[in-house]
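Engineer: Which chain is which? The protein sequence lines are L and A, in order. Take the first sequence: its position 89, counting from 1, is numbered 89 in the numbering used here, and each next residue is one higher. To get the numbering used here, take the position in the second sequence, counting from 1, and add 580.
By construction, these hints were calculated from the structure, which means they are not laboratory data. Incorrect hints may appear among the rest.
What the hints assert, rightly or not - Restraint ranges, calculated between C-beta atoms of paired labels, are given here:
1) L514/L <-> E741/A: 58 to 64 Å
2) L561/L <-> D607/A: 22 to 28 Å
3) E741/A <-> A523/L: 34 to 40 Å
4) A523/L <-> R650/A: 56 to 62 Å
5) V296/L <-> P697/A: 41 to 47 Å
6) S622/A <-> L561/L: 35 to 41 Å
Unchecked claim - Examples of chain L residues toward chain A, derived with CB under 8 Å:
7) S47
8) P48
9) V49
10) S52
11) A496
12) R569
Built from N, CA and C at the ideal position, the CB exists for glycine as well.
Residues per chain, in single letters:
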Amino acid sequence: MLVLSVAVASAVLSLGMSLPGVTERLYLHTRAATAGPDVVALAPDDSPVATSALTSLVDAPGVAATSRPYKQFWATLTPRGRPEVRVVVLGVDRKPGPIDRPLMVSGEWVSPGGVVVEKGFATAVDLRVGDQVAIAGRSYPIVGIGVTAARMAYPGAMMGGPGNGPSDRAGLVWMNEPDTRALAASDLPRTSIIYLRMHDPAATSKYMISYHETRNSAGGFVGDSFVNSFTWQFIANEDGRHLRDSQPIMIIGGWLLSFLAVAGMSTLAAGRAAGQVRRVGLLKVIGATPGLIAVVLLTEYLILAVLADALGLVVAHVLAPSIINPSGSLLADGAGLSGMVILMTTIVAVGVAILTVLGPAVRAVRSDAVTTLSAGSRRPEYLVMLSRVAALLPTPLLLGLRLIARRPGRAVLHLCGTAATAIGLTVLLMVESQPEQGWDFGGVVLADLANDQSRHLLMGVSAALIALSVVNTLTMTWTTAMESRATMAIARTLGATPGQITWGLSVAQLLPTLPGALAGIPAGLFLNWFFGPPDPPEMHTEWLFLVPLVLMLGTALLTALPARALARRSVAETLNAETA
Amino acid sequence: MNVLQVRGLAKRHGQKQSLVRAVDGVDLDVPAGQTLAVMGPSGCGKSTLLHLLGGLERPSDGEVWLAGERIDTASERALARLRRRSVGFVFQAFHLVEELSAAENVELPVLLAGSSPRQARRRARLLLEQVGLADRARHLPWKLSGGERQRVAVARALANEPLVVLADEPTGNLDTAATNEVLRLFAHLRAEGQTLVMVTHDGRVAATADRLISMRDGMFVEDTWLAS
Ligand SMILES: Nc1ncnc2c1ncn2[C@@H]1O[C@H](COP(=O)(O)OP(=O)(O)OP(=O)(O)O)[C@@H](O)[C@H]1O
Ligand SMILES: [Mg+2]
């Protein structure tokens, strides 16, 4: 279970930590593989004025070379038997020029009568090589699927919409130039486009400032034509944007999960401490130094934690491409977990292990050999039984509460663990109660990918949180039940019924659950407010009341199992075992 | 009147070759106010007998009547109520709740029996005074000596004025001085007419009883009434 918890936590954490900049890295990778342009410039129509404005850019500051001007048309594409979607058709040469050489992931580059579609678009609309599609009323076979760095990842905005008007989200289709004549003859909106290569790709701002007001993208007059320019930095930044929402989910989720892992594991370790303390006593008797003993105790957990960390990293590595490159518009093979991320999660995992054994180890090492061998060896965690005894009856509650103050460790752990779960549930509820946003792609409504992705991640993280807290609750109750079996047996010799024992154990877990659940809600609301959409839509607050209810019920059910098991054990046998 | 009545009581563990007859068909009547000592070699079934008398274990055969109520067939709930009101246990290993102070240990059965915390506190103070530990009321068990712990356990056993106190080797873990403290306490109980069944190895403890039963292999081999 240590392995499982730590693995889940480090997977989420490492994903969260590898998100910053990773899409930009993918973009760079794609850019290198496809000879991506440094600047993309567009002019509003296909007039000679527009074309000459674009070609004149070869003399602009910092520009080393340009492609030839291309024309693109805003049309619709109709897959066979499905509704039409908006596309941009770019007329290209059969042999790509030196700037922007789309990489074919399947099929071949354009041929007379055959078109190539962009990979992210193809994935979203489910287009394959060999499919027959109608573009502006004419039928073409898809001969290839390609990747380019000259556009923002689908479904990001297509640059320079019709007439340089508002940009429009559309899929990219490459078509052999001669085939575009039919489009040119129609009255479809169109733009001219040219790719620029700079002397120094990093120094695009000099060019931008000379023609435009801002550094990255904007419009300005070049000669007699209005020209819009987009730098590669701008494109990279846009591509990374949809991930910025996911990052807090992953990082905060990762920390919450790590916390749950610590809580669960330290409970488990505490449960095993009795045995360990006895073992330590024996080691001391035969002359082991405290340092050696600490090492002995730590080693086991360290090995497990590092194993789990490795497992989590592998999972993260497998999941990463689908999270950082959801539309598939970029080449994913550049994505890897950086050494920094691996180091960080390993530190966290090792931290979990150390925290896990710290308490038992210190206690074991500190106490002297004789006490560890004798009475001390059977003294369990206080709080646990205190609450247990407290919960036997309403009256013993008074007695027990007095004692909770003596050792609140586990109650606090349980409280915080429940709070973590409540945070996850609250945020999930908040997000689920928001209307799903979608984009109308000229007939096909696609969910907003960035938003959709955040939802999925949130679902995943919440599911992991819930799973871990189930594991934790079981661990805690079981450990508690095991530790308190002597106390419970004694209580039964004093006349406590099995039912009271069961309730006592359950209530002991429930006591910290309630404040935990209640504390988690405002925390979740805060996180949602902090990282969520700027103006949250109507929320169903009444659902939030379900959070503590569900958590309480769940905890009660989960604790009933081990509690009942304990209550059913024979008193005489338990007492005999305790004295043995 | 007999506080305890036992007929054909038997407890077996295991089967076939591994069958153990821990208690093998005993009859016993314990009149009210009697102090009964059960002696015998290790493993002869003394603890088992005591557990059966207090309803901590269920017999394989036979009947146990406590104050005219049959307990071997009683439900677990009924047994709990019975232990709460009618039986007080004292164990060799003390079995105090480690997390509770001496006073709280004594209060616990009083609270379980449904008294108010105030009544429980008053009762605990009185009993701890009786066993001479009024000044140790707030100590946790591990701070007490063995003899003190056992006296707390005796006070706890007496908390609800039980019909019978069942003591399993109450001095087994104690040195001579501590044994004497506990014996003095038992003598006091006897004088007050408390019914007491104790299991012991120790001849000095047995000598304080009204009646002495010797056990061997789960059976009574001798039943002597001492001077009363
Ligand atoms: N749960 C059990 N399963 C199998 N055998 C058992 C069990 N409990 C007790 N016994 C056996 O029953 C017999 C009587 O045990 P009991 O504990 O009553 O002896 P005792 O007279 O109290 O011994 P001691 O003086 O050592 O405490 C022993 O042989 C013991 O091994
Ligand atoms: Mg015994």
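Engineer: Next step is simple, just say for each hint if it's right about the structure.
Structural biologist: Here is how each hint holds up against the structure:
For the hinted restraint 58 to 64 Å between L514/L and E741/A, the CB-CB distance of approximately 38 Å leaves it violated. Hint check: L561/L to D607/A, Cβ distance near 42 Å, so the stated range 22 to 28 Å is violated. The hint said 34 to 40 Å for the Cβ distance between E741/A and A523/L, and at roughly 52 Å that hint is violated. The hinted window of 56 to 62 Å between A523/L and R650/A holds, with their beta carbons roughly 57 Å apart.
One distance hint, 41 to 47 Å for the beta-carbon pair V296/L and P697/A, holds here, with the actual separation near 46 Å. Take S622/A and L561/L: their Cβ atoms lie about 38 Å apart, and the range 35 to 41 Å holds. Interface restraint check for S47/L: the shortest CB-CB distance to chain A comes to about 89 Å, outside 8 Å, so the restraint is violated. This hint is violated: P48/L has a C-beta 92 Å from the nearest C-beta of chain A, more than the 8 Å allowed.
Hint status for V49/L: violated, given a least beta-carbon distance of 90 Å to chain A, over 8 Å. Checking S52/L against chain A: minimum C-beta separation of about 90 Å lies over 8 Å; hint violated. Nearest Cβ of chain A to the Cβ of A496/L: about 6 Å, under the 8 Å cut. The hint holds. With a cut of 8 Å, the hint placing R569/L at the interface with chain A is violated, because the nearest CB-to-CB distance is about 12 Å.
Checked against the numbered hints above, the structure breaks hints 1, 2, 3, 7, 8, 9, 10, 12 and satisfies the rest.
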